[in-house]
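Asker: Model the full structure from these sequences, guided by the hints.
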Amino acid sequence: MPLNVTQKLIKSHLLSGEMTPGEEIGLKIDQTLTQDATGTMVMLELEAMGLDRAKTEASAQYVDHNIIQEDSKNPDDHLFLRSATQRFGLYYSRPGNGVSHPVHMQRLAKPGKTLLGSDSHTCANGCMGMLAMGAGGIDVAMAIAGEPFYVKMPKVWGIKLTGELPDWVSAKDVILELLRRHDVKGGINRVIEYYGPGLKQLSAMDRHVIANMGAELGATGTVFPSDEEIKRFLKEQDREEDWIELVADEGASYDIDEEINLSDLEPLIAKPSSPGNVVPVREVAGEPIYQSYIGSSANPGYRDFAIAAEIVKGKQIAEGISFDINPTSRQMLTDLVKESHIASLLQAGARLHQAGCNGCIGMGQAPATGRNSLRTTPRNFPGRSGTREDSVFLCSPETAAASALTGVITDPRTLGMKYPKVKEPRKPTIDVTLLEAPPPMDQAKTVQLQKGPNIASIPEMDALKDTLEVPILLKVGDNISTDEILAGGARVLPYRSNLPEISKFTFEIVDDTYYTRAMNSRDQGGHAIVGGFNYGQGSSREHAALAPRFLGLKVAIVKDFARIHWQNLVNFGILPVTFVHEEDYDKLEQGDVLIFSNVRKALQLRNELHVEVKDKNFSFSVTHALSERQIDIMLKGGLINVVKDRQQMVNA
Amino acid sequence: MAVNREHICKACDGTGMLADDEAWKYTCSVCNGDGVVMPGENTSPEAPFSVDETNRTLE
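Protein chains in written order, with the UniProt record's numbering: chain A, 1 to 652; chain B, 1 to 59.
Keep in mind that the hints were calculated from the coordinates and are not lab data.
Glycine included, every Cβ here is placed at the ideal spot set by N, Cα and C.
A couple of the hints might just be wrong.
Counterexamples of contact, computed for chain B against chain A with all Cβ distances above 10 angstroms [stated by the list, open to error]:
hint, residue
1, Glu-6
2, Met-38
3, Gly-40
Derived DSSO-like pairs: lysine-lysine, alpha-carbon spacing no greater than 27 angstroms straight-line [stated by the list, open to error]:
hint, chain 1, residue 1, chain 2, residue 2
4, B, Lys-10, A, Lys-504
5, A, Lys-644, A, Lys-465
6, A, Lys-313, A, Lys-445
7, A, Lys-616, A, Lys-636
8, A, Lys-338, A, Lys-313
9, B, Lys-10, A, Lys-475
10, A, Lys-451, A, Lys-644
11, B, Lys-10, A, Lys-73
12, A, Lys-559, A, Lys-465
Answerer: This is the structure we're talking about:
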């Protein structure tokens, strides 16, 4: 049967399951990437797993998020990450080297491979003919340890590109067009695969722009073929030997078909406050702006900055405008300097920032309250810029540069100038010095992890006991979010690598006595939590499961779970069960002691478990939705223990 | 006007902002961004969050 590129990538990495949309499949992961905001916990998980050396072909740790060093926490994290990469055999991309996605593309990405990253926009490297997906930290730790990645087999959404981009229209407008058509949920459970004659006009970095924002459609991944353009890009990076051709077979089909005629596109813009709120720029032209911001992993290419430089060259930006340039890799920044584009931008009034994520994630360059900010970044959800009442528009570099000149949102076609042609440098810079390669195994084994005072190892976690006698320490209502279980914010997140410290914030918002009561019950067998509908909705943060586990949470009994938090509970060995009869929720009170007997066998044999309430003439039934694989994880006390056991068997 | 620290939202420490694991910032879902939680006020989000397969928020 003829296969499309996505199917080829999945088929060649399939370890379990059938390639039927919706079915769970296990995939071999060839490469991983982690960034510093998520990476410290991944490294602590590797330590807890007892991993000797990364089992992937290439894994890289990037420091691109927390690069402002206002106290010792971030630099301590950098030292820890560097020592961990050396110990476990990973690449280490130093602060200032740039954003993970474009740097990975330049230095490590290979057509035909799989990439798993603990960052939403990992899908950007799908531009290289890879299956690249974002995932949670523990999933990436597992992949580094050589374990499969489990995901639902996606539908493949074929987008045929025809025609040619008109002047003043670029790759960003292509993905904005798809967001205009399908909004931010349009890609869920799908891999978007681009093909067709229109591809010829799109450079590898243009494809990166498009693939990156597949995340905004909610897609599992975005895939481009590996063709002559990818060969050219790799040759330019002095990596031509890494190229293989990977294109769809003649007659290959897609689960969903769609076409974009590039010739029909015009400059587009996503209005506040959703990437799916897309209209033509001309519809909002004239709106005053405070800021115009170029850069981020959504528009990381040389041309994205060079085109802006050519547009503003010899001119001055409008009065009162903040024109922010956020270079995305040191390698590319070096070329922009060499070709005098940075000089053009600075002379026009731009502000130059260090290569990294910066304002894209709300770390610096927050806009003034309520004022319009134009950004080439991928997201404009409320507050993302770092200003609570922000008003962020997403657009192309052409629109951002034109608007910087006029001080109002401007359709770049109305500037009255000829569309500049940007030439790539004849011999682009290749900068490998800030991406440190892992040392050889014998040397790696001698490396000690450098843990500053704010970094603590994950404690050992015990296997599931056969009898649980646990008090209900907390009873909560519906829609409890992970923000309420464990908030993420300036006060809490700095302790993300310090489980004993971060656990002090657990459920603080709901009940600030929980931490003390939990600590008291921890060594007496732990405790249970009872909740309503949609328990654990919101952010994926694994700390919302890890911290309660640290405090002795053994079982969560709720009406139903938010799916990802349920997954996190399983991963960290907290038994997630739901009421067979929802009215039993009302009969339970905080302080009731619950007795689960023969839990291990009961879990393996059936879905329902019987629970007695001590000293009350009452019992009730709960059920679980664990697969066989997940039951094994639960019995062993979590994923870390599963891998630890395997590592010990291998090393025995 | 002096801020009454007793009612400052504990999730965001009164900033009205939270951040996720990837450091993406967003309006605090506990106090809805105003930085204050008054006694008796429901701290649960008014509407369920929407997340995708890899749990990225889709507000």
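Asker: Against each hint, give a clear statement of whether it holds in the structure.
Answerer: Verification of the supplied hints:
1. Glu-6: 12 angstroms, holds
2. Met-38: B/Met-38 is indeed farther than 10 angstroms from all Cβ atoms of chain A, at 13 angstroms.
3. Gly-40: 13 angstroms, holds
4. B/Lys-10 / A/Lys-504: 12 angstroms, holds
5. A/Lys-644 / A/Lys-465: 19 angstroms, holds
6. A/Lys-313 / A/Lys-445: Given that 27 angstroms is the threshold and the Cα spacing comes to 53 angstroms, the pair is violated.
7. A/Lys-616 / A/Lys-636: With a Cα-Cα distance of about 31 angstroms, the restraint between A/Lys-616 and A/Lys-636 is violated, given a limit of 27 angstroms.
8. A/Lys-338 / A/Lys-313: Holds, because 16 angstroms separates the two Cα atoms, which is no more than 27 angstroms.
9. B/Lys-10 / A/Lys-475: Holds, at roughly 19 angstroms.
10. A/Lys-451 / A/Lys-644: Judged against 27 angstroms, a Cα distance of about 21 angstroms means the pair holds.
11. B/Lys-10 / A/Lys-73: Holds. B/Lys-10 to A/Lys-73 sits at ~22 angstroms (cutoff 27 angstroms).
12. A/Lys-559 / A/Lys-465: Between A/Lys-559 and A/Lys-465 the Cα gap is close to 24 angstroms, so the pair holds against 27 angstroms.
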